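Residue numbers (the numbering used here), protein chains in the order written: chain A, 88 to 443; chain B, 88 to 443; chain C, 88 to 443; chain D, 88 to 443.
Keep in mind that the hints were calculated from the coordinates and are not lab data. Just to be clear, a hint being listed does not mean it is correct.
Said to hold, decoys possible - Mimicking DSS-like on lysine-lysine, the simulated pairs with C-alpha atoms at most 30 angstroms apart in a straight line are:
| id | chain 1 | residue 1 | chain 2 | residue 2 |
| --- | --- | --- | --- | --- |
| 1 | D | Lys-95 | B | Lys-95 |
| 2 | A | Lys-365 | B | Lys-408 |
| 3 | A | Lys-235 | B | Lys-367 |
As the list claims (entries may be wrong) - Per the computed footprint, the stretches of chain A lying under chain B, defined by three or more beta-carbons under 8 angstroms from a beta-carbon of chain B, are:
| id | segment |
| --- | --- |
| 4 | 160-169 |
| 5 | 361-372 |
Note that the coordinates shown come from a computational prediction; the quantities given were computed from them, not determined experimentally. Heads up, the beta-carbon is just placed ideally off N, CA and C, and yes, glycines get one too.
4 protein chains.
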Amino acid sequence: MSCSYGEKFKITIFGQSHSDAIGVVIDGIPAGIRLDIEKICDFLSRRAPGQNKFSTPRKEADNPEIVSGLVDGVTCGAPICALIHNSNRHSSDYDNLKKIPRPSHADFSAYMKHNGFNDIRGGGNFSGRMTAPLCFAGAVAMQILEEKNIFVGAHIQKIADVNDKKFDEVNVTKSDFESARKNDLTVLDNSIEKAMLERIENARKNLDSVGGVIECAVLGLPAGIGEPMFDGVENEISKVVFAIPAIKGIEFGNGFTCAGLTGSQNNDSFEIREGKIKTKTNNHGGILGGISSGMPIIFRVAVKPTPSIALEQDSVSLETKSNEKLSIAGRHDPCIVPRAVPCVEAAAAVAIINLM
Amino acid sequence: MSCSYGEKFKITIFGQSHSDAIGVVIDGIPAGIRLDIEKICDFLSRRAPGQNKFSTPRKEADNPEIVSGLVDGVTCGAPICALIHNSNRHSSDYDNLKKIPRPSHADFSAYMKHNGFNDIRGGGNFSGRMTAPLCFAGAVAMQILEEKNIFVGAHIQKIADVNDKKFDEVNVTKSDFESARKNDLTVLDNSIEKAMLERIENARKNLDSVGGVIECAVLGLPAGIGEPMFDGVENEISKVVFAIPAIKGIEFGNGFTCAGLTGSQNNDSFEIREGKIKTKTNNHGGILGGISSGMPIIFRVAVKPTPSIALEQDSVSLETKSNEKLSIAGRHDPCIVPRAVPCVEAAAAVAIINLM
Amino acid sequence: MSCSYGEKFKITIFGQSHSDAIGVVIDGIPAGIRLDIEKICDFLSRRAPGQNKFSTPRKEADNPEIVSGLVDGVTCGAPICALIHNSNRHSSDYDNLKKIPRPSHADFSAYMKHNGFNDIRGGGNFSGRMTAPLCFAGAVAMQILEEKNIFVGAHIQKIADVNDKKFDEVNVTKSDFESARKNDLTVLDNSIEKAMLERIENARKNLDSVGGVIECAVLGLPAGIGEPMFDGVENEISKVVFAIPAIKGIEFGNGFTCAGLTGSQNNDSFEIREGKIKTKTNNHGGILGGISSGMPIIFRVAVKPTPSIALEQDSVSLETKSNEKLSIAGRHDPCIVPRAVPCVEAAAAVAIINLM
Amino acid sequence: MSCSYGEKFKITIFGQSHSDAIGVVIDGIPAGIRLDIEKICDFLSRRAPGQNKFSTPRKEADNPEIVSGLVDGVTCGAPICALIHNSNRHSSDYDNLKKIPRPSHADFSAYMKHNGFNDIRGGGNFSGRMTAPLCFAGAVAMQILEEKNIFVGAHIQKIADVNDKKFDEVNVTKSDFESARKNDLTVLDNSIEKAMLERIENARKNLDSVGGVIECAVLGLPAGIGEPMFDGVENEISKVVFAIPAIKGIEFGNGFTCAGLTGSQNNDSFEIREGKIKTKTNNHGGILGGISSGMPIIFRVAVKPTPSIALEQDSVSLETKSNEKLSIAGRHDPCIVPRAVPCVEAAAAVAIINLM
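The shape of chain A in the complex, shown without the other chains (with noise of 0.2 angstroms):
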């Protein structure tokens, strides 16, 4: 495993669901940094489960420990390591999933990988769960971004069929990010929100599931931030962005949209715009060559609907290596996107601070 990522805000991931407790390492803050304790918990809420009828009942108040680094609250130059205890554990609903992998989760191949030694119960370290220290992380990086004016915000692009309009790639405001998130679904247009929540109802309801996009801004990101060929700022947030579990793809800007364009469609012109350098469109999403141009960088990441579902499926025994059917109990998310819109932001906090 690689829990592992960064080098000048270097965070270390531990845990599973079911262990005594999953948590974070952070080194590389420096000294002398009041960190906001309300502020964080505020973030993981956003991510908890159990905050409404969409979501998992599975409730737990995600309340981080704090074991190190901090001195009355003040960052000490020391790693900090954050612990988030797990209660609430109902291992018993997974001892079948031993033998029977869940179709689309990481059953089958952390088996491979591990040769039957990995931890199954509540999905062990592929457990979306994980997520909770990333966005320990992320809150943590996201305060020192704030400092130097530079702000990290998504929303629900989608779900089903069931689109929100896409920021304004040009003028995108830190305002569009807090109205968003003063709705139920953290939508840009609340009159599409009914429609989303309905879909989600549907799902639940069809004991099945739903996906969506999710698209994140980061403004006030300064030109020049990146280090290509291989830590520009498409790597860096492509590789933070995949280790949220349900991510299967990623575009920066207009993505793959720009496939079907021509050059003179899709380039952005450079203008002189309040005595400053700005493109007048922004396909590029903020990101040449791999560096920062100053515009607002925009990114949109697909998430597959929840693997775990009640209809019955088709899979196999590991053991007898026979077809088997497979019904899965437990609690689950009919649609995981609006609590994987925090980690979204976090995975881009941590990418970016990792670059300046």
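Guided by the hints, dock chains B, C and D onto chain A, whose structure is given.
Same frame as chain A, now just chains B, C and D:
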């Protein structure tokens, strides 16, 4: 800059478009492997310019000179360094770009990063030419992977509005790669080749360019490969792929399509097939939880239209901070998608060999 | 700070002397290994304080709490996180040190690095206490190495002016380690133990301290291990050993002695012994060109006398920039060499396992 | 092999003694620095062979060819690649070594690591010649450090039984370096130079060799530099220094001497001197807790006698596994200590620049 990637098969790329040479150091190759240099040259020639009417008229042999790491053609355990000399340089073509950045190029962002000291000639170290050493490394990686019956192949899945068929994500074979490479354009369905060539030719005539999509498959990778959370198969392939200039998006398996599906539509059931555990479908693109499932790895990348177009464009003067018009001289591909195909294969091979 | 080491067996250490807990995350342990926790605790107890009259009276159980990475005592492939709680803290002992740095401690250099925000209590993250998580990691590494018949052992080779005999560099065996550990001080020649204990007791009575030398051997390492130029056996052992506070030098084989010899005196001839290629002597300490030779790895480290002494010392005020007198209260070992023995073993084990 | 070191100033060294070229890639140099190439060549010439009667008669210009990273002599932000061509090769000298390993050389350990495929010619990539690219990188690092008033200098502190005086560890200055370099041997006290030269000449006459000790100082490093636990100043200097073949030990400050002292003898009191916080003595060698204290960094390394001696030696046949006699032909220094002086300086410079 960050010009190195990998731990087990570490590559370090150097050079600029118009420096004396570009090249790559590869560390971690086991001793005792006889490299097939001719095969490496053949691979490089798939990327090389000047091959046909739709690529840049700049002709370069791109024959690598291996200055270290081999004894009588066999690896000796020391790092391999390969140089590719830059002949045929017309640096004066780029003189005015020092002052007026090309839209959707790295000129401006690199200027900001390097305080104006970046090498503007030929795009410097942001040039597509820097993919030649990546291809060298990829060709070496492929020779080692092929010994393990792992094969990497890509094709042009789309140019402008013309689509090739996609790989059969369950049954794709090595011979699919081989037939595609026999066509003028690397496509699976040669009935669409003429239309693609027309789109490129039209762009050229219009002093414009077109983008596209490349689809890549990795065959034979056993189940259990990948190091999540941060070094899973998706994380690593993405990290290397975004080292290729002009790539703006990547998706694995059905990618962004999964966002519109339900779990029951998207999940890939397991079954016993020829005595082995396989999935019936392969929406997951051969990767579950960041770990290979034993099914073909499938991913697609979006390639933007060549930003260097002969049409006059709006830009600015970096000196006077005023708006300017820009006409780009020099030699440029109206479509870089065909030459990017081996680069994507190389990126995949380098990422995969590092995970094994 | 940089609290991580290693690639294959990556350790990340966190905590301060007086934070809630200290601990370590270990990533890269194969799944399916049953850890012998009692053996780990035994190893930690060799480092723990309060064991006898010549170590600090601060008593801590140092029992690790393993919060992740195990299922029913067996590794599951996920990172192991072990916590060691800090009880028995007397933080007020350290109040005046915030202003007056202790000579030959990290107080001043850490103050300069962290702008005065470093955690001064108990030495913060510069405390010798931070070797406890290193020992945990080393104990785990040793269990894996022992499965491959590789054994690590160290002894006190010198305290003040009293010398233990050195390892027989050609014929040292595992039983040499075991007999040494049965003594009150880990020495090979117990006839010198009394004199060593007297030197320590004298230092204690004089409110002073004494230093020493520890010699360590790694047995059973096959020839061919090591990754020069930069990750050779000497490079890696040194890198980890200098993570132990108070180590000021390291030498391999005959070390500094070789500087006074001729080549014909220093060279280790090869011979066939019991059918295998061995060297007749082992001045090279089992390492040639950064790679193991199959002979025992032998190295020695210099441990400085405990800098915390009760005698009044000259220092300065960081606030007033004036000369000051300092008397250090608190609990301190008159000699840390005995407790450093398992730390050196742990460092060697962690370095070696990363090279395999 | 692991041929890369560093993050911020990353060097990647390639080549073998008898490959077409050896060289180094340096990544992370800021753009806009005019490199003084003549100064780099002067530095390389201090290491180069064939300079005087006590070094090997193999003469090589060692003039580096910089193939990338510069535009008109100024860094452009892209990695610098420098080649040093290998002329004057007598590979046949090494034919019998393929079968009979030289005592105290890497021949045997490399054979075991690389299954006999290692490049034996001239020592392959284990040759002292590989320090030439290290010196190139060090010379570049020093130019950047000198801009910050940080200076690195070393001298021969001992050859055989002849000792130079040591640096004044509190008051050493840059002019001490400069006067030492004016001598035939880089010594502080030129009254001992003749005796040292005699020891070398005697060794040569006796077909033997001698070792020695090099002492190095880093001046002007501000307090607060270093990243403990694992990337402290001692950890990093050691890691790079042990990349130089023949180094068998390193000690910082008073090093192994501290093992025989009491705390009250060894501790370095603080005092206010010229308005600044300094230590009265410098037994700690400028490093406390892995972090610079603002005092001169002082360390010494042990250099073993050249293992290649013309005297007949005992060895074995790798083919027949029988005892054999070996007489080494070829060209070898009777003492490599003089040529190792700039290598140690380069190692220190590369380690220090990575910590800043």
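Within the segment 361-372 of chain A, is the number of residues with a Cβ closer than 8 angstroms to a Cβ of chain B three or more?
Check passed, 7 qualifying residues.
Checking one constraint from the list: CA of Lys-95 (chain D) to CA of Lys-95 (chain B), max 30 angstroms. Satisfied?
This hinted pair holds, its Cα atoms lying about 21 angstroms apart.
Between the alpha carbons of Lys-235 (chain A) and Lys-367 (chain B), is the straight-line distance 30 angstroms or under?
violated (50 angstroms)
How does the coverage statement for the segment 160-169 of chain A fare against chain B, requiring three or more residues with Cβ below 8 angstroms from a Cβ of that chain?
violated (count 0)
Straight-line Cα separation of Lys-365 (chain A) and Lys-408 (chain B) no greater than 30 angstroms?
Holds: Lys-365 (chain A) and Lys-408 (chain B) sit about 11 angstroms apart, inside 30 angstroms.
Hints 3, 4 from the list above are not met by this structure, while the remaining hints are.
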